[in-house]
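Visitor: Listed below are the residues making up each chain.
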Amino acid sequence: MISVFLFLPLLGALLVSLASKPAKFPLAWLFAAATLILALALWVAGPTSVSLPWVPALGLTYSLSMGGVSTLLAVIAAFMTLLAVIYAGAKVEGGPGMLALVLAMESGLLGIFLSRDLLLFYVFFEFTLLPSLLLLARFGGQDRLRALIAFGIYTTIGSLFMLVAIIALRSASGAPTFALSAILQATAKHALSGTAQRWLFLGFLAAFAVKLPIFPLHAWMPDYHQQNHPSGVADVMGTLYKVGGYGIYRFALPLFPKAAADFQLVLMALAAFSTLYFAWIAFHQSDYKRILAYAGLSHMGLVALGLFSLNPVAITGSMFLLAFQNVYTGSLFLAVGMLWSRVGSLSPDQGGLMVDAPVLSGLTMVLWFGAIAVPGLVGFVGEFSVLLGSYQVNPWLAFIAGLSIIAAGSYALFAYQRSFWEARPEGRPKVPDLGVLEGTLLGISVVVVGLFGIYTQPALRLIQPGVLALGHLIGVA
Amino acid sequence: MLPVYLLPLLPFLGFLVLILFGRRFPGPLAGALASALVGLAFVVALIDFFSVRSVPMHELLWSWLPGIGGKGHNLEIGFYLDRLSSLMTLVVTGVGFLIHVFSIGYMEHDPRFPRFFAFLNFFVALMLILVLADSYPLMFVGWEGVGVASYLLIGFWFEGKINANAARKAFVMNRIGDLGFLLGIFLIFRQYGTTVLPSLAKMPIKTDSALELICLFLLVGAIGKSAQLPLTTWLADAMAGPTPVSALIHAATMVTAGVYLVARSHFFFSQAPVASSWVAWVGGLTALYGALSAMNQYDIKKILAYSTISQLGYMFMAVGVGAYWAGMYHLVTHAFFKALLFLAAGSVIHALQGEQDTRKMGGLAKTMPLTGAVGLIAVLAISGIPPFSGFFSKEAILGASFAYSPWLWAVGTFTALLTAFYMLRWYLLVFSGTYRGQAHPHESGPVMAVPLVALAILAALGGVIGPQLLGSNWLENYLKPVLGLPSLHNPATTELSLIAIAVLLALLGFLWAYLRYRSGRLTDLRGFGPISAKALYLDDLYAGSVASPSKAISGALERTDRVFGGGMSATGEVLTEPGRWTNLWQSGFVRVYALSMLLGTLLLVLYLAVRMLGGSL
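Protein sequences appear in the order of chains A and B.
FYI, my numbering numbers position 47 of the first sequence as 47, with every residue one higher than the one before it.
FYI, my numbering numbers position 15 of the second sequence as 15, with every residue one higher than the one before it.
By construction, these hints were calculated from the structure, which means they are not laboratory data.
Computed from a predicted model, the values in this text were never measured in an experiment.
Every residue gets a Cβ at the ideal spot worked out from N, C-alpha and C, and that includes glycine.
Be careful, since some hints might not be right.
Unchecked claim - Distance ranges between label pairs, derived from CB positions:
no.: 1; chain 1: A; residue 1: G435; chain 2: B; residue 2: D110; range: 21 to 31 Å
no.: 2; chain 1: B; residue 1: I47; chain 2: A; residue 2: T440; range: 32 to 42 Å
no.: 3; chain 1: B; residue 1: I162; chain 2: A; residue 2: V359; range: 56 to 66 Å
no.: 4; chain 1: A; residue 1: A33; chain 2: B; residue 2: G160; range: 39 to 49 Å
To be verified - Here's a subset of chain B near chain A, in silico, CB distances under 7 Å, partners left out:
no.: 5; residue: V55
no.: 6; residue: E59
no.: 7; residue: W64
no.: 8; residue: F156
no.: 9; residue: F158
no.: 10; residue: E159
no.: 11; residue: I176
no.: 12; residue: F186
no.: 13; residue: H442
Claimed, not checked - Beyond 12 Å from chain A on every Cβ pair, some chain B residues (computed):
no.: 14; residue: G22
no.: 15; residue: L370
no.: 16; residue: S405
no.: 17; residue: G544
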């Protein structure tokens, strides 16, 4: 079941790429919908896992597990992929060509979330890079080559460090395989030395910091989003691909608790600085994609702050934020794509769109309020918990990161005002409002953003047991 | 006894229906629906008011935030209705209902009529959540929620750039305060392990520096929401919204949330003498600041806006000196007379087709006798003339502040003199003399008249709930089970002399305004005139010292960040790129500053990392 779920989108991708042009979209959304249904079914069914030896000579196992944070992220990935597939197939010119890549990327993401073998994780981590590079290369903007190279180089070099660290970790721990459980068992018997922990931790961190991303390894990201296709379809997937926070939660913290504690202050400082720095920069952007990129980077600073503070409330908040920022950031990318399809520009300087397009304007507004953590919406739960938890560890760093809520209010409303409020300049053509399909896509996201802002139980039930177990492991329950 | 969750739920349903299906409601139907729901909420509030006199109601719905509900449990969403919150629900739904009804007339020609009522209902729902929350985080939901409502309603006529800017300014300035509120919550959790109000109220709270800090953090939040110094400038700009909004949100209810926060947290503040004195003095200085700024305004609403700032200052004085009940008392009477003042102003603006400049008014008491009469009642009430409501509540505050510090009392009493002056000036400019404009003023229909009359009755007689003179004081006794402490009282003779002084000064203020009016110098304040008109230059100060630099830094960081993309080798490029050196902030200095900030952080992080690694190598 779990393997079917994992490879269903990849199968879909194969069929879609072979199918004739008119058949691509129906096929793609069927597969995306089936994947979401499977995800929900697996969620309801509760935790499951498989573990089989695969390449014994290498120590590679086929270990997958669905449950906890993995389930939450998998469900959200399946949900956002479905939205992206439907939007791309139905509304984007040339969109059907993206569908196979989007589905392939979904399989890669699910693999990242479900893998419980370090080498397998690495394989999916790298595999996902391919479709995302292809999306950028085939559908990107004029300057895509530069963005592509930066993205590729940053990611690959980071991943290489991780690969070395993975191999070194197995030999240092003496574990028979690369399975996470095997390595954890081995290190529980013979703890790694402090020095070994620190160097291995840094190896993992190199990859995850690029993929969080966090300052100063973020430089690829604003260009990546800006150069991707303006429809926002690739950006939805790119947002989901920000898996660094998950990697730290799943691997780096349980494997190297002592190193995480040693580096805590530095990493928290870096995260807090990132949070404020990116929010501040977002104010100055004149391209919606870049605004969203920097807004997303600022959120990732908070995710990192929560994780590195090693406080249970903050870690819970981090995972909550990591999961749900996909919904509002991703949907905002789609909303920006819808705006672009109407005015042909990604600049916020439009003016007065609320008169012509109240539905687009209203839905965008709620999504923005979700993104800047207005309480009652979903963004608040994560941000509040991260800040509260990290305040318990280091009040000053929590304060610095907290300043971002002021900056976030400024950049979001400043951009919003120039697009949707104020008067529309003379002579600009009337803008059609959202159709039923587009309105439904954003509307569903808005419902998720509102509902999970006050009714958090389903998500917390998935996150909290894992955080509790992690807390016992790293000794800060 | 009805479930407490009905209170926010009813107006929230109204919001959902009207925002989703607004176009299906023709004519005034949307306004009628919204008003009816708020009216219904008032009935619920009234029924529960009688049932919570003995036992507070505490309803828990479902769990919400991880790990901060005490003993490591998740925090639940819960509503807490005790005597204090019950009083607030009556004010919010009662005054809210009247203003909803008034708006049906005021907004009748607006093309976005249903949306207006959707937002009004949204506001009432979130304000009720703020008031009824059983924990600080849930209170924060209402707290920022009313900020969102305020943003939407200030920007209701969003086509104007001024309105849009005013809305954004209100939101961002409030967020500065909100950060303070958040830090307060974080520290409360750190010190006491929970954020639930009734649990905290039962704990033994000891005076220490952490507690003082908690209270100062909460004060920052209260300052933002209640437009106290130094986060005061957004409120005058907020007058860009429709006038009923100014009456409901920016006078009667939302801006008093800061006062409510302090009163609600009395178990902290009563043990934090330093922070409390900050509350009192922030209030005293803001009262003075608001009054000075109101003296030479010409916009009929701006005068009232600065007077709101000033009156909120009085409330802060009260809760700062420990007279929590007096703060709540003035909150209630102020809701009556200030809502009345704004609705009277709205009635005038409506009659003059949008004119707001008092220099183009005058003599309206003849053509609009009802509006003139209720306006006069409100002026007498706010100026503290017995037996109108404002007299009693202001006396309660001034008496308590005299017992606390005669200096604070002196500031408050001097402000009372100024209040009488600028309020009579307001009345004389609008209603007295001869008409100076071109419109054809006329009284509006009953849908606007009835709320005016109802509020006029409340503004005139509302003081009966707590006059100190009559010995037994209903309001103080009523709130005692919640607020506990006896507040400071003066000996009877002192009290009487204080009252005599205050009333005399108020009359003197009237006389001052009237004499200047007779000699035609009402709007000529000599050298002080422009200072008052510019609200003591606070806005210009912030524009120069905060807004421009942070924008410039943002730009500089942005350029620097692009350099990171291009590799550090291009660093020199940024430094040497030809800049317009005419503007120091914009081009040269800031960029170097931003870059060095970045490099500094990087070096520090590297140093720490190397040290930690090296420690065991």
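Visitor: Please go over all the hints and tell whether each is borne out by the structure.
Guide: Here is how each hint holds up against the structure:
{"no.": "1", "hint": "A:G435 with B:D110: 21 to 31 Å", "result": "28 Å, holds"}
{"no.": "2", "hint": "B:I47 with A:T440: 32 to 42 Å", "result": "41 Å, holds"}
{"no.": "3", "hint": "B:I162 with A:V359: 56 to 66 Å", "result": "26 Å, violated"}
{"no.": "4", "hint": "A:A33 with B:G160: 39 to 49 Å", "result": "45 Å, holds"}
{"no.": "5", "hint": "V55", "result": "27 Å, violated"}
{"no.": "6", "hint": "E59", "result": "15 Å, violated"}
{"no.": "7", "hint": "W64", "result": "6 Å, holds"}
{"no.": "8", "hint": "F156", "result": "10 Å, violated"}
{"no.": "9", "hint": "F158", "result": "4 Å, holds"}
{"no.": "10", "hint": "E159", "result": "5 Å, holds"}
{"no.": "11", "hint": "I176", "result": "6 Å, holds"}
{"no.": "12", "hint": "F186", "result": "4 Å, holds"}
{"no.": "13", "hint": "H442", "result": "31 Å, violated"}
{"no.": "14", "hint": "G22", "result": "10 Å, violated"}
{"no.": "15", "hint": "L370", "result": "36 Å, holds"}
{"no.": "16", "hint": "S405", "result": "32 Å, holds"}
{"no.": "17", "hint": "G544", "result": "17 Å, holds"}
Checked against the numbered hints given earlier, this structure breaks hints 3, 5, 6, 8, 13 and 14; the rest are met.
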